[in-house]
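*Asks:* So the sequences go chain by chain: A and B. This note's numbering numbers the first residue of the first sequence as 1 and each following residue consecutively. This note's numbering numbers the first residue of the second sequence as 1001 and each following residue consecutively.
Each hint should be verified, as a subset may be incorrect.
[Unchecked claim] Straight line, CA to CA, 35 Å or less: simulated DSBU-like cross-link-like pairs of lysine-lysine:
1. B:K1235 / A:K347
2. B:K1292 / B:K1330
3. A:K136 / B:K1308
4. B:K1222 / A:K136
5. B:K1321 / B:K1071
6. A:K500 / A:K288
7. B:K1321 / A:K136
8. A:K347 / B:K1048
9. A:K347 / B:K1147
10. A:K136 / B:K1314
11. B:K1251 / B:K1157
12. B:K1266 / A:K347
13. B:K1182 / B:K1271
14. B:K1266 / A:K136
15. B:K1157 / B:K1188
16. B:K1222 / A:K347
17. A:K347 / A:K97
18. B:K1251 / B:K1118
19. B:K1071 / A:K136
20. B:K1066 / B:K1314
21. B:K1157 / A:K136
22. A:K226 / A:K239
23. A:K136 / B:K1118
24. A:K347 / B:K1271
25. B:K1251 / B:K1330
26. A:K347 / B:K1321
[Claimed, not checked] Far from chain A, by Cβ distances over 12 Å, these chain B residues were calculated:
27. K1048
28. R1058
29. V1074
30. K1114
31. R1117
32. Y1155
33. K1188
34. W1195
35. R1205
36. K1222
37. D1275
38. Q1279
39. N1282
40. K1283
Hints are computed from structural coordinates only; laboratory data are not their basis. The beta carbon of each residue, even a glycine, is placed where N, CA and C say it ideally should be.
What follows is each chain in one-letter form.
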Amino acid sequence: MFETVLSNLMSTNVLIGLVVGVVGGMVVGAMPGLSGAMAIALLLPVTYSMSPIAALVMLMAIYTSAMTGGSISAILLHTPGTPANAATAMEGYPLTKKGRGLEAVGMSMLSSGIGGFISAVALLLIAPPLAMISLKFSEPESFLISIFGLTVIGSLAGKSMTKGLLMGAVGLLLATIGVDNITGVHRYTFGSDNLMSGLQMVPALIGLFTISVVLSNCEDYKNANKSLLERHNATLGTKMLPTLSEVPRYLVNWIVSSVVGIIVGILPGAGGNIGSWIAYDQAKKRSKHQEEFGNGSLEGLAACEAGNNAVTGGAMIPLMTLSIPGSPVAAIILGGMLIHGLVPGSKLFTDQADITYSILAGFALSNILMIFVGLAIAKYVVNVTRIPNSILMPVVLPLSLIGSYAINGSMFDVYVAIFFGLLGFLMDKYDFSSPALILGLILGSTAERGLMLSRVMSRGDMVGYYFGRPICLILMALIVMSIAWPIISSRFAKKKQENKEA
Amino acid sequence: MKKLLVALLTIVMTLVLTACGGGKSGGDAKKADAKFPSHGIKMICPWKAGGAADIAIRNLTPYLEKDLGVKITVVNTTGANGWIAWGELLKAPADGYTIAQMNVPSVYSYLDPKQNRKENLDSFIFLANEISDWGCLVVNGKDDRFKDLQSFVEYGKANELLSGDAGLGSNQHLVAIDMERKLGLKIKHVHQAGWADVHSSLLGRHLDVGWGSIGNILQAYKSGELKVLCVFADKRSSLLPNVPTFNELMKDKSILSPSDRGFALKAGTDKAVVDRWNQAMNKCINNPEFVKKMESLGQPVNYMDMAKFTSYAKEQEASMKSFMDVLGWKKK
């Protein structure tokens, strides 16, 4: 068995697929507006003529590598390629300003690879029992998970909790735009076709994060000929990886974040967007350096990158065992499996075990290869922080607008990006948290759907329904803990302080 | 070093721009080409890249490209339940160089007065149908309550059923309503986000019944995790030869639940151009290699030529009108 897997993997076409997937995925992920999902959809017909192992290793390598590629532009240019990289931008960009861009990219590559690798191992070893857990989840659970995700706003609020919560609420409000899938009511569409399916996430994200930064750089026009580093009086550091003595500080973080990512990944609908935020939040709550969060914390960065790459393996679990895709990308990969005669289900792990385990081993391998490829290009791409603003910003702006257009081929999305750019610029100026708004926007519709549908499913007895479901009870306990934890921990800290003084 | 980087960035930019410019074709084409097609064609997919509809297009285009001898660029223009794409088709010149996927019954949302559409079926030429992904009635494979359609109906008349569909007004929702009306079932509709949610809720026994298309349910049916009690098609599907149709079991009633992926041109396209398209569609959709490939993807090919697809679209429009009150498609 082991030998077959090894010889399958070492064939030329599989290795080519692996390298093409990793490098290609990283490039696609780094471009705002181009997503792994698009790349996989476009490449799918090409893979028909390839061997099943080579084809699926390539597709899965693109999936995990694109997740990671998004972090490069998030860290260096404050341009998250996907919502999953938004938290990365929040922690990575401040590090870049301090000249620690290389270290941030290095940490992101390492954490992504580790997160992806752990999820691949979980997929190899314990996919069937994990899939059974995923079946315990339905609409009430997805409502509670969204609420749990919303408690993360507490960690993102910045200087003023009131402003943070306010922005979260604005995000929730914006999420209601569009035709409601449950009642059919047109909400805030103003008769426009463009708003019928709601605000698109990526253009909003590009506006809030990227265009707002371009605008604030324009405001600083006197320094236009200086690069990011010069303006912050920083020099480019050469440190890339954590030293051996620093590794223990991140070890628990990586493992916990990966587990969070895997669990969120196996739930249909939740996906990487929530995974990275929840991983980020739990890292902050456990950290001894909470003050670093929001101003460039490597711990926060490590958590969300490990978290969002762990989602990739997690999303493959219900796909391979039950043919339920846990994310849009997984749905496309399902098509790739079917065309090669790989039918999801238990037979995949018995009758076709040779092929399946070769693919999964290739997936694990692609996560390791990704670290090396990422580190190799990091040294070069980090030089982007040495380019004067007068050159860099005129390149970033059209790229981000093209990216907004490319998602749905819609000019309206470009206007959305510009609107959110102006909004984000003003929000930054007056210390309103844009990550809080994004989180509200991401989670709003899932939360609403979960609540509305569980009301129908409860057949009238909502309280009994929620309290009769064990996973709901666990989630409710988590939500209470998540809200109460900062209060309790600050009490503890005070007591310690008092004890010391006494 | 700096100069090199600037140069590199410029190259990347240019590449990106060129890549994005690919969709622009046929803008200034004069009416009635002497020899159609003489340059690239734009194919609009109204749905996201990678979905079932997108797969139906991207698998067919290589065959069409070979037959027509020109490049076909697939563009995903999503939103407004398909109407952004169809709006784009109608904005382009009627020269055959812009073509769009046409979906029955999604297209009928022009019947909703809230959407203020002037267009209707006559705005398009219903060129050909490619795929008919019929709806099915699905329950958990281990659910002893439902042995067959008969036992399901009896249970549903006496007890309230929790029923999962892919959203208000979706094909799945409409067939559930049809069952409610024609058989007197008691149904509580749970409008989930899509088939993946319905599927896992069924397997986890959070719902009693779900409705999905053949493409949706095929794998889980084969593995025995889901039972298919009937398919709402005019005849048994080649992909599910052992599953009876609803009309076969209930001789005095008829329920169909189509979900069709075909192609449309703008009305007024020159006849020679339409004929050339017709010929290409006929040849490519009926290509046995293509049919086999689509079936392995769970998409049953069901070729209809222009005349048949047009009259079929008219028939379906009439049946859609009977749902207008449930969908809230009425003037205030």
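*Asks:* The structure should be examined with respect to each hint, and the outcome stated for every one.
*Replies:* Hint-by-hint comparison with the structure:
Between K1235 of chain B and K347 of chain A the alpha-carbon distance is near 31 Å, which keeps this suggested pair within the 35 Å criterion. Distance restraint check for K1292 of chain B and K1330 of chain B: the Cα-Cα separation of roughly 43 Å exceeds the 35 Å cut-off, and the hinted pair is therefore not satisfied. For the proposed pair K136 of chain A and K1308 of chain B, the alpha carbon gap of about 46 Å is over 35 Å, so the pair is violated. For the hint linking K1222 of chain B to K136 of chain A, the alpha-carbon distance of about 23 Å falls within 35 Å, and the restraint holds.
Straight-line distance between C-alpha atoms of K1321 of chain B and K1071 of chain B comes to about 39 Å, which puts the hinted pair past the 35 Å bound. Distance hint between K500 of chain A and K288 of chain A is fulfilled; the C-alpha atoms sit about 18 Å from each other, no more than 35 Å. Under the criterion of a C-alpha separation no larger than 35 Å, the hint pairing K1321 of chain B with K136 of chain A is inconsistent with the structure, at around 39 Å. Taken as a hint, the K347 of chain A and K1048 of chain B pair is honoured in the structure, with Cα atoms around 30 Å apart against an allowance of 35 Å.
Of the supplied pair hints, the one linking K347 of chain A and K1147 of chain B holds, its CA atoms being roughly 25 Å apart against a limit of 35 Å. For the suggested pair K136 of chain A and K1314 of chain B, the alpha carbons sit about 44 Å apart, so the restraint of at most 35 Å is broken. Our distance criterion of 35 Å between C-alpha atoms is met by K1251 of chain B and K1157 of chain B, whose separation comes to about 19 Å. At most 35 Å may separate the alpha-carbon atoms for a hinted pair to count; K1266 of chain B and K347 of chain A exceed this at roughly 47 Å.
As the CA atoms of K1182 of chain B and K1271 of chain B are separated by approximately 43 Å, the hinted pair breaks the 35 Å bound. Between K1266 of chain B and K136 of chain A the CA atoms are separated by roughly 48 Å; this puts the pair beyond 35 Å, and the hint is violated. Annotation: proposed proximity of K1157 of chain B to K1188 of chain B holds, straight-line Cα distance about 12 Å (limit 35 Å). Distance check on the hinted pair: K1222 of chain B and K347 of chain A sit about 11 Å apart at the alpha-carbon level, within 35 Å; holds.
Restraint check for K347 of chain A and K97 of chain A: the C-alpha separation of about 52 Å exceeds 35 Å, so the hint is violated. For the suggested pair K1251 of chain B and K1118 of chain B, the alpha carbons sit about 39 Å apart, so the restraint of at most 35 Å is broken. Between K1071 of chain B and K136 of chain A the alpha-carbon distance is near 48 Å, which puts this suggested pair outside the 35 Å criterion. As the CA atoms of K1066 of chain B and K1314 of chain B are separated by approximately 32 Å, the hinted pair is consistent with the 35 Å bound.
With a C-alpha separation of about 28 Å, the suggested pair K1157 of chain B and K136 of chain A falls inside the 35 Å cut-off, and the hint holds. Restraint check for K226 of chain A and K239 of chain A: the C-alpha separation of about 23 Å stays at or below 35 Å, so the hint holds. Of the supplied pair hints, the one linking K136 of chain A and K1118 of chain B is violated, its CA atoms being roughly 47 Å apart against a limit of 35 Å. Distance hint between K347 of chain A and K1271 of chain B is unfulfilled; the C-alpha atoms sit about 52 Å from each other, more than 35 Å.
A threshold of 35 Å between alpha carbons decides the hint, and for K1251 of chain B with K1330 of chain B the separation of about 32 Å falls inside it, so the pair holds. Simply put, K347 of chain A and K1321 of chain B have alpha-carbon atoms about 45 Å apart, too far for the 35 Å limit, and the pair is violated. At roughly 7 Å, the least C-beta separation between K1048 of chain B and chain A is not larger than 12 Å, which violates its mark as non-interface. R1058 of chain B, annotated as away from the interface, has a beta carbon of chain A within 12 Å; the closest lies near 5 Å.
Remark: the non-interface label on V1074 of chain B conflicts with the geometry, its nearest Cβ contact in chain A lying 9 Å away (cut-off 12 Å). Its closest Cβ contact with chain A, about 6 Å, brings K1114 of chain B to no more than 12 Å, contrary to its assignment away from the interface. Not every CB of chain A is more than 12 Å from the CB of R1117 of chain B (nearest about 9 Å), against its label as outside the interface. Every CB of chain A lies more than 12 Å from the CB of Y1155 of chain B, the least distance being 16 Å, so the non-interface label holds.
Residue-level check failed: K1188 of chain B sits 6 Å from the nearest beta carbon of chain A, not beyond 12 Å. The claim that W1195 of chain B is not at the interface with chain A is violated, since a C-beta of that chain comes within 12 Å of its own (minimum 9 Å). Listed as outside the interface, R1205 of chain B is inconsistent with that label: its C-beta sits roughly 8 Å from the nearest C-beta of chain A, within the 12 Å cut-off. At the 12 Å boundary, the C-beta of K1222 of chain B falls inside the reach of chain A, the nearest C-beta of that chain being 7 Å off.
No Cβ of chain A approaches the Cβ of D1275 of chain B within 12 Å, the least distance being about 28 Å, so the stated non-interface status holds. The claim that Q1279 of chain B is not at the interface with chain A holds, since no C-beta of that chain comes within 12 Å of its own (minimum 23 Å). Residue-level check passed: N1282 of chain B sits 22 Å from the nearest beta carbon of chain A, beyond 12 Å. Remark: the non-interface label on K1283 of chain B is consistent with the geometry, its nearest Cβ contact in chain A lying 19 Å away (cut-off 12 Å).
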